[in-house]
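Chemist: Take a look at the letters that make up each chain.
2 protein chains.
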Amino acid sequence: MTALTDLPQEFSFIHRHFAKLAGPAALGLKDDAAVFTPPAGRELVIAADAMVENVHFLPNDPPETIGRKLLRCNLSDLAAMGATPEGWLLTLARPPGLDDSWFAAFCSGLNADQTRFGLSLLGGDTTSTRGPLVLSLTILGSVPCGQAIQRKGAQAGDGLWVTGTIGDGALGLRVLQGQLKDPSGYLASRYRLPQPRVGLPLYGLASAAMDVSDGLLQDAGHLARESGLDVTITAATVPLSEAATACGPHWREICLTGGDDYEILFAVPPSHEADLQQAGALETPHGRVAVTRIGQFHEGNGEVRALGHDGCPLFFAKGGWSHL
Amino acid sequence: MTALTDLPQEFSFIHRHFAKLAGPAALGLKDDAAVFTPPAGRELVIAADAMVENVHFLPNDPPETIGRKLLRCNLSDLAAMGATPEGWLLTLARPPGLDDSWFAAFCSGLNADQTRFGLSLLGGDTTSTRGPLVLSLTILGSVPCGQAIQRKGAQAGDGLWVTGTIGDGALGLRVLQGQLKDPSGYLASRYRLPQPRVGLPLYGLASAAMDVSDGLLQDAGHLARESGLDVTITAATVPLSEAATACGPHWREICLTGGDDYEILFAVPPSHEADLQQAGALETPHGRVAVTRIGQFHEGNGEVRALGHDGCPLFFAKGGWSHL
Chain A
40 MTALTDLPQE FSFIHRHFAK LAGPAALGLK DDAAVFTPPA GRELVIAADA MVENVHFLPN
100 DPPETIGRKL LRCNLSDLAA MGATPEGWLL TLARPPGLDD SWFAAFCSGL NADQTRFGLS
160 LLGGDTTSTR GPLVLSLTIL GSVPCGQAIQ RKGAQAGDGL WVTGTIGDGA LGLRVLQGQL
220 KDPSGYLASR YRLPQPRVGL PLYGLASAAM DVSDGLLQDA GHLARESGLD VTITAATVPL
280 SEAATACGPH WREICLTGGD DYEILFAVPP SHEADLQQAG ALETPHGRVA VTRIGQFHEG
340 NGEVRALGHD GCPLFFAKGG WSHL
Chain B
40 MTALTDLPQE FSFIHRHFAK LAGPAALGLK DDAAVFTPPA GRELVIAADA MVENVHFLPN
100 DPPETIGRKL LRCNLSDLAA MGATPEGWLL TLARPPGLDD SWFAAFCSGL NADQTRFGLS
160 LLGGDTTSTR GPLVLSLTIL GSVPCGQAIQ RKGAQAGDGL WVTGTIGDGA LGLRVLQGQL
220 KDPSGYLASR YRLPQPRVGL PLYGLASAAM DVSDGLLQDA GHLARESGLD VTITAATVPL
280 SEAATACGPH WREICLTGGD DYEILFAVPP SHEADLQQAG ALETPHGRVA VTRIGQFHEG
340 NGEVRALGHD GCPLFFAKGG WSHL
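Top to bottom, those sequences are chains A and B. Using the numbering used here, the letters of the first sequence map in sequence onto residues 40 to 363. Using the numbering used here, the letters of the second sequence map in sequence onto residues 40 to 363.
In short, the hints are calculated from the structure, not lab data. Backbone N, C-alpha and C fix where the C-beta goes; we use that ideal spot for every residue, glycine too. Please note that a few of the clues may not be correct.
[Unchecked claim] Residues of chain B placed beyond 12 Å of chain A at every Cβ, according to the derived structure:
#, residue
1, T76
2, M120
3, A144
4, Q153
5, T166
[Stated by the list, open to error] Straight-line distance between alpha carbons at most 16 Å, and here's what the computed EDC-like set of lysine to aspartate or glutamate pairs gives:
#, chain 1, residue 1, chain 2, residue 2
6, A, K220, A, E265
7, A, K69, B, E265
8, A, K191, A, D314
9, A, K191, A, E281
10, B, K191, B, E265
11, B, K69, A, E265
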């Protein structure tokens with residue numbers, strides 16, 4: 040599309056930075072569109088996410104991690120549906136002042152991650168803006184027909200399980216904002232580079248799943264509501280990393296409500312729970328992922344309860360979580 | 040993804056405005072991703088485009104047309120490949136100050152167009168921004184396997200053809216900027232609402248195709264370069280609307296170089312040209328579309344020449360078009 044103000048040399052910019060990310064379906068990023076042949080017998084799983092400077096990332100975040108974080112958030116959406124990554128498209132609105140070395144680092148991070156997670160760039164668009172940097176990423180994955188896991192499908196009596204540890208991303212943001220100390224650097228690294236649980240073998244195990252991006256309690260509410268149930272979480276069982284535990288008990292609320300976890304929250308029927316409890320982990324192409332039972336679904340209408348050590352409901356300042 | 044600054048009630052915002060646009064594959068816009076079953080025996084054609092306020096549209100453009108223009112630009116990319124529209128995803132970075140009535144009008148325009156062109160919303164994301172409105176749209180279409188038309192493929196001797204009329208969009212922008220008068224309103228309407236040539240029967244007719252978005256001469260250069268040829272355009276044969284002709288001869292250069300046409304530029308082998316010349320139009324599901332022969336491909340290396348009435352090359356102020 041013609042811009043009212045020209046973005047000079049858009050073609051050479053794209054060639055210089057993005058051509059090396061393009062797979063065969065992208066037709067060299069030179070055509071009007073990519074031509075993608077879906078794998079036989081599989082459905083496509085598609086999601087899009089946007090990130091805005093000063094809203095979703097900090098201007099001084101390393102450029103290597105900014106693009107990767109957006110890609111990983113989208114990969115986490117695929118992981119939640121049990122889908123295998125296939126390709127991605129990127130549009131970016133580029134403010135003045137980001138130079139070639141910034142984009143070289145930005146693309147180098149993306150290149151490392153698309154190799155790691157087995158997908159390639161299909162296409163996109165770059166434009167200029169006088170506002171903040173805005174990135175929008177569309178991801179395509181595939182899943183055998185009928186095997187996509189949705190948020191609805193949990194049954195009363197199913198256990199609520201979660202991968203990895205909860206709260207590191209939210210605490211990492213506070214570390215970067217100077218509100219909290221973490222000499223190990225672990226929490227900031229989890230904020231900047233979430234670990235999408237790509238390849239988690241959910242089909243045949245989970246009755247419902249989603250990724251935790253807006254906060255454990257809020258997202259558990261989405262899972263409960265879409266399944267037409269209530270869910271109760273035993274707060275003490277929510278898995279925390281060593282670094283998160285070291286922050287002390289008054290940061291627990293942030294762990295449960297903060298978001299930016301990109302772990303997978305899933306419902307497991309009782310018939311599968313004993314085996315899963317014994318294994319304590321699931322195998323993925325990217326390594327073993329610890330899984331923990333943190334609660335249970337009940338008849339209801341979408342409410343979340345978090346119970347403290349005494350079995351009494353906990354109440355949190357962040358409004359409305361119990362009546363989402 | 041958690042925002043550093045909250046966007047309150049994102050869920051109700053999405054439900055209020057976008058849920059009615061969602062097709063069955065979108066899972067009610069409530070899941071992590073959409074699940075799309077590609078039509079059997081067809082390949083997917085995918086493109087993404089972004090639009091930024093004050094760069095690609097004017098702040099006082101009617102909200103009904105802003106979203107439709109972006110959708111139509113993407114539909115034009117599908118049309119250039121000979122693909123049938125299937126679905127779309129939208130992300131938007133939303134500045135303060137755009138109220139509910141703005142988004143109601145924005146979505147109403149999109150709803151009319153997705154009905155008209157036979158596709159539905161698959162998913163997306165909304166975020167806040169302190170900068171200008173940024174829209175990013177990904178479109179999915181399909182084409183029988185092996186039938187996508189690309190920019191490469193033209194042969195020396197093929198004719199260069201174009202749909203509709205050229206220059207209306209570029210002149211329409213000048214009208215809206217107060218540089219030009221057009222009492223009919225036709226040129227401004229063509230700028231705000233391009234007419235994508237969806238369903239143009241290119242397969243078996245065209246050896247290469249693309250849509251004209253960056254200016255006829257520049258885009259003819261892309262077609263020539265991707266096919267490893269030169270192309271010569273006879274300027275007097277480039278079809279102009281009555282409104283564009285009425286602007287007078289000193290606006291012709293803008294017509295040829297201005298962009299925002301969203302017509303289809305395609306190469307036709309000599310064996311098909313006589314029939315096409317006689318018909319003068321192609322049938323699409325959205326009506327007959329006039330087609331005009333404006334030039335010819337030759338052996339070469341990507342140069343474009345535009346010839347005047349006297350057969351001599353024309354030179355234009357807009358730099359570099361002949362050596363793209």
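Chemist: Please go over all the hints and tell whether each is borne out by the structure.
Modeler: The hints, checked one at a time:
no.	hint	result
1	T76	violated, 5 Å
2	M120	violated, 5 Å
3	A144	holds, 21 Å
4	Q153	holds, 16 Å
5	T166	violated, 5 Å
6	A:K220 / A:E265	violated, 38 Å
7	A:K69 / B:E265	holds, 8 Å
8	A:K191 / A:D314	violated, 23 Å
9	A:K191 / A:E281	violated, 33 Å
10	B:K191 / B:E265	holds, 5 Å
11	B:K69 / A:E265	holds, 8 Å
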